[in-house]
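Using the sequences plus the hints, can you model the full thing?
Next come the chains, spelled out residue by residue.
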Amino acid sequence: MQVELQHISKRFGNVHANDDVSLRVEAGTIHGLLGENGAGKSTLVKILSGFLSRDAGTVLLNGQAVEILTPADAMRLGIGMLHQDPLDFPPLTVLDNFMVGRAGRWLINRRQVVRQFRQLADQFGFDLDIHAPLGDLTVGERQQVEILRLLSLGVNTLILDEPTTGISAAQKQALFAAARQLASQGKSVIFVSHKLGDVNELCDRVTVMRQGRVVGNLEIPASDAQLIDLIFGRQLAPPIKPETTREALALRLERVILRSDRLHIPIDRLSVRQGEVIGLAGLEGSGQQLLLQLCAGLLRTPYGTVQINGDEMTQRPYADYLRAGVAYLPADRLREGLIAGLSIQEHIALRYPPKGLLVDWPETLKRAQAAIALFNIRGKPTTKVERLSGGNQQRTQLALLPVPQNLLLLEHPTRGLDIESTLWVWQQLMARCEGGTAILFMSSDLDEIMQYSDRVLVFSGGNVSEPIEATKLTVERLGQMIGGRFEEASV
Amino acid sequence: MITRTLYYQTAALGIATILISSIIMLSGASPITVLDSMLSGAFSTPDQIARVFSTLSPLLLCACGLMFTFTAGLYNLGIEGQIVFGAIATMVPIRLLENSLPPALVILLAIAFGTAGGMLWGLFAGILNVYGRINEIFAGLGLNFVADGLALYLIFGPWKRPGVASMSGTEQFGEVLWLPTFGNTEASPVALAIALLALGATLLVLRGTYYGLQLRAVGYNLRAAYVLGVPSVRQLLSAFAICGGLAGVAGALQVLAVFHRLIPSISSHLGYLALLVAMLAGTNLWLLLPIAFFFSALNIGSLQLPLSLNLESSLAGVMQGMLVLAVLLGRGLSETNWLDKISVLRRNV
Numbered sequence: 001m002q003v004e005l006q007h008i009s010k011r012f013g014n015v016h017a018n019d020d021v022s023l024r025v026e027a028g029t030i031h032g033l034l035g036e037n038g039a040g041k042s043t044l045v046k047i048l049s050g051f052l053s054r055d056a057g058t059v060l061l062n063g064q065a066v067e068i069l070t071p072a073d074a075m076r077l078g079i080g081m082l083h084q085d086p087l088d089f090p091p092l093t094v095l096d097n098f099m100v101g102r103a104g105r106w107l108i109n110r111r112q113v114v115r116q117f118r119q120l121a122d123q124f125g126f127d128l129d130i131h132a133p134l135g136d137l138t139v140g141e142r143q144q145v146e147i148l149r150l151l152s153l154g155v156n157t158l159i160l161d162e163p164t165t166g167i168s169a170a171q172k173q174a175l176f177a178a179a180r181q182l183a184s185q186g187k188s189v190i191f192v193s194h195k196l197g198d199v200n201e202l203c204d205r206v207t208v209m210r211q212g213r214v215v216g217n218l219e220i221p222a223s224d225a226q227l228i229d230l231i232f233g234r235q236l237a238p239p240i241k242p243e244t245t246r247e248a249l250a251l252r253l254e255r256v257i258l259r260s261d262r263l264h265i266p267i268d269r270l271s272v273r274q275g276e277v278i279g280l281a282g283l284e285g286s287g288q289q290l291l292l293q294l295c296a297g298l299l300r301t302p303y304g305t306v307q308i309n310g311d312e313m314t315q316r317p318y319a320d321y322l323r324a325g326v327a328y329l330p331a332d333r334l335r336e337g338l339i340a341g342l343s344i345q346e347h348i349a350l351r352y353p354p355k356g357l358l359v360d361w362p363e364t365l366k367r368a369q370a371a372i373a374l375f376n377i378r379g380k381p382t383t384k385v386e387r388l389s390g391g392n393q394q395r396t397q398l399a400l401l402p403v404p405q406n407l408l409l410l411e412h413p414t415r416g417l418d419i420e421s422t423l424w425v426w427q428q429l430m431a432r433c434e435g436g437t438a439i440l441f442m443s444s445d446l447d448e449i450m451q452y453s454d455r456v457l458v459f460s461g462g463n464v465s466e467p468i469e470a471t472k473l474t475v476e477r478l479g480q481m482i483g484g485r486f487e488e489a490s491v
Numbered sequence: 001m002i003t004r005t006l007y008y009q010t011a012a013l014g015i016a017t018i019l020i021s022s023i024i025m026l027s028g029a030s031p032i033t034v035l036d037s038m039l040s041g042a043f044s045t046p047d048q049i050a051r052v053f054s055t056l057s058p059l060l061l062c063a064c065g066l067m068f069t070f071t072a073g074l075y076n077l078g079i080e081g082q083i084v085f086g087a088i089a090t091m092v093p094i095r096l097l098e099n100s101l102p103p104a105l106v107i108l109l110a111i112a113f114g115t116a117g118g119m120l121w122g123l124f125a126g127i128l129n130v131y132g133r134i135n136e137i138f139a140g141l142g143l144n145f146v147a148d149g150l151a152l153y154l155i156f157g158p159w160k161r162p163g164v165a166s167m168s169g170t171e172q173f174g175e176v177l178w179l180p181t182f183g184n185t186e187a188s189p190v191a192l193a194i195a196l197l198a199l200g201a202t203l204l205v206l207r208g209t210y211y212g213l214q215l216r217a218v219g220y221n222l223r224a225a226y227v228l229g230v231p232s233v234r235q236l237l238s239a240f241a242i243c244g245g246l247a248g249v250a251g252a253l254q255v256l257a258v259f260h261r262l263i264p265s266i267s268s269h270l271g272y273l274a275l276l277v278a279m280l281a282g283t284n285l286w287l288l289l290p291i292a293f294f295f296s297a298l299n300i301g302s303l304q305l306p307l308s309l310n311l312e313s314s315l316a317g318v319m320q321g322m323l324v325l326a327v328l329l330g331r332g333l334s335e336t337n338w339l340d341k342i343s344v345l346r347r348n349v
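Chains L and U, in that order, are what the protein sequence lines are.
FYI, the working numbering numbers position 23 of the first sequence as 23, with every residue one higher than the one before it.
FYI, the working numbering numbers position 327 of the second sequence as 327, with every residue one higher than the one before it.
Calculated directly from the structure, the hints in this document are not laboratory data.
Bear in mind the structure is a predicted one, so any value in this text is a computation, not a measurement.
Backbone N, C-alpha and C fix where the C-beta goes; we use that ideal spot for every residue, glycine too.
Any given hint could be a false lead.
Claimed, not checked - Part of the chain L face toward chain U, derived, beta carbon under 8 angstroms: (1) LEU322; (2) GLU336; (3) GLY337; (4) LEU342; (5) PRO353.
What the hints assert, rightly or not - Simulated restraints, written as ranges between beta carbons of each label pair: (6) L:GLY285 <-> U:GLY157: 54 to 60 angstroms; (7) U:ASN135 <-> L:ASP136: 23 to 29 angstroms; (8) L:GLU201 <-> U:ALA11: 52 to 58 angstroms.
This is how it looks when you write it as structure tokens:
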């Protein structure tokens, strides 16, 4: 189906999220939509899929003007969207999720639905357990279920919003293969991303957006330099990890065990020097988060010892870890990191307990203004955090990290951030390393792990590797290890 | 946004008025005469005005307490039991020390015991909630029954009146232990002063202090507050304790200023009424006093209805409930984006 958007405009308050945007996606093609955070990509596809209403402009499907006011309208017209954060029902089974949103009858013929599911899954080579609760699946597998669901509902324009964050390399390849197959069947695919590599690998054409406007429309392949030029209007270079020179240990684990309902991972010994960066690689939910939370004092180890900067911390309460300069940055910003409902300055006030009982608001305001300037947050001291964009929420989280920091524990420090914000975040982090802060971070972006880590721990299938020097690794080898082939890789 | 909310709230009040009027008309009376009768029932004699104020004091105390638990994200339905247990605890020093200590000291001790009793009952609900993982609504309701049962046991058992145990409660204690009143009425300046003091303290603590900010953080997002270093368990338990403590003071006032003994329904269901007051006020603490006063007047004014118009006095409860429902509905609807919905409806027709 040919999709055409003409002169779309959308404002949020004073922000022009889409300013006279026009875009044409031919049937049977994969069309990339590229731009930094806040460029207006998500707004545009949400208008197309009925999640947002446009202020002005026209939507044409195969040359016919249509009205799309709700997601149900969009589905009826054959437009389906795979959201950045999966909009599904984790406690329900895969099959139940697959059946959600079917129009019509009272009774459901489960056997027929199962047959349809299997047929579709086989067609794309997805290996999914139909009776497993969706919550047990990885993000990549949940995407697969959602794609099958959309296709079973007759979607012929599929929108993928940042689909490659948080999924494994193999899942990404399966996703790309599925997208190509759909295009070859004459369906159109809109691929929203800020990753140049993904766009170059998958798309036929790409439209680049910047500050709510379309700034370029290119045939793929296009050079990275050309695309970056369009996205930012200039060139960017990643910061370099400074060499670790200190010998003193920031963290020392001995014979600890990472435990959850499904995992039991012993770690015999791990020592991290001050200023060192350790990358934690692996599929989502392989135990990286458990290690970070253990070091943060949020989880206890049944055996073994934890030492931070030479101090014995085993079994000590979380408050002691905070006092020892341990900082934890959760990936789920609005669930674990920030408090929706409170403003930036109220968060700052929480971080600095007053001497007396009362909060010193003038002083807090000054602190908040300083933090906003220092961390380049686009918001006011009184802005509630849920009204900030994802990138600015991340900057706020960084601004709230306690000082001094001896050990920084980061979950996906740059997930969902555009290239510019990512580089900015890492510049800040590298500066802290030079000051002696040790960093442990998990990421599903293998390039990020290779770029900034001194050593890498690979989590796979209930095991964890010995720390490996990043210089002795390649992305391919790392990918193999995540797939469970430790021996080959450690040669 | 403020004007939009105001617009919805005004509409909600209008709809509540219409609904209440229709109910009154259905029961065969005229809304105007009912209003008139209730106004005169609440404000025509000094005695009636005094009763409005003697209801206001415990109601305001409970509503203040509930602001702490609401801020912490908790629905403390156990407030009734906290009043009752506070009242029971109040009776302990009175019964033991009535004749051996100066009356002023006994009164002080009685209020202190009432506060501690309510606090204990609140903490109990908190411990069940925090450590036992029982929803605070169920923990609170369960403890209400326990407190009520305990009061009945004492009234019919160990503390029964010499000779006959009856539903009218324990033996009235000596007049020297009654809180001083305005003239010969039921209203006590001491009770009113305590309630207003509690209101002022609530405003200060929730608006200005670091503790209040931490409590809000916990209420909005328990997990994130913990990760950010707020001692969440302590915050939750303290909210239960403070609310229970204020409810305990209310229980003490019911004993010392109103009934002068322990009776089976010593709380007069002021805890539930306070829940309505707190819900109506929402996050706006300044509304507590006018709403509590209005509800007290409704309660007292409605007592006149059976006499003057042959209507049930429970009409006051119907009005209060209706009002709260309408306002909550208005608050909910004001957050909905109607333009989108209407355009959908129009097209589907």
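Go ahead and decide if the range 52 to 58 angstroms is satisfied by the Cβ distance of GLU201 of chain L to ALA11 of chain U.
Given about 55 angstroms between the Cβ atoms, the range holds.
Given PRO353 of chain L as an interface hint, is its Cβ closer than 8 angstroms to any Cβ of chain U?
6 angstroms, holds
For the hint 54 to 60 angstroms, verify it against the beta carbon of GLY285 of chain L and that of GLY157 of chain U.
Holds - the Cβ-Cβ distance for GLY285 of chain L and GLY157 of chain U, about 58 angstroms, lies within 54 to 60 angstroms.
Would the hint on LEU342 of chain L stand, with a C-beta cut-off of 8 angstroms toward chain U?
Constraint on LEU342 of chain L satisfied, holds at 6 angstroms.
Assuming the hint says 23 to 29 angstroms, is it satisfied by the Cβ distance from ASN135 of chain U to ASP136 of chain L or not?
Because 26 angstroms falls inside the window, the suggested range holds.
Please verify that hint: GLY337 of chain L, Cβ, nearest Cβ of chain U, below 8 angstroms or not.
6 angstroms, holds
Against chain U, is LEU322 of chain L within 8 angstroms by beta-carbon distance?
5 angstroms, holds
Hint check: 8 angstroms Cβ-Cβ cutoff, GLU336 of chain L to chain U
5 angstroms, holds
Checked against the numbered hints given earlier, this structure breaks none of them.
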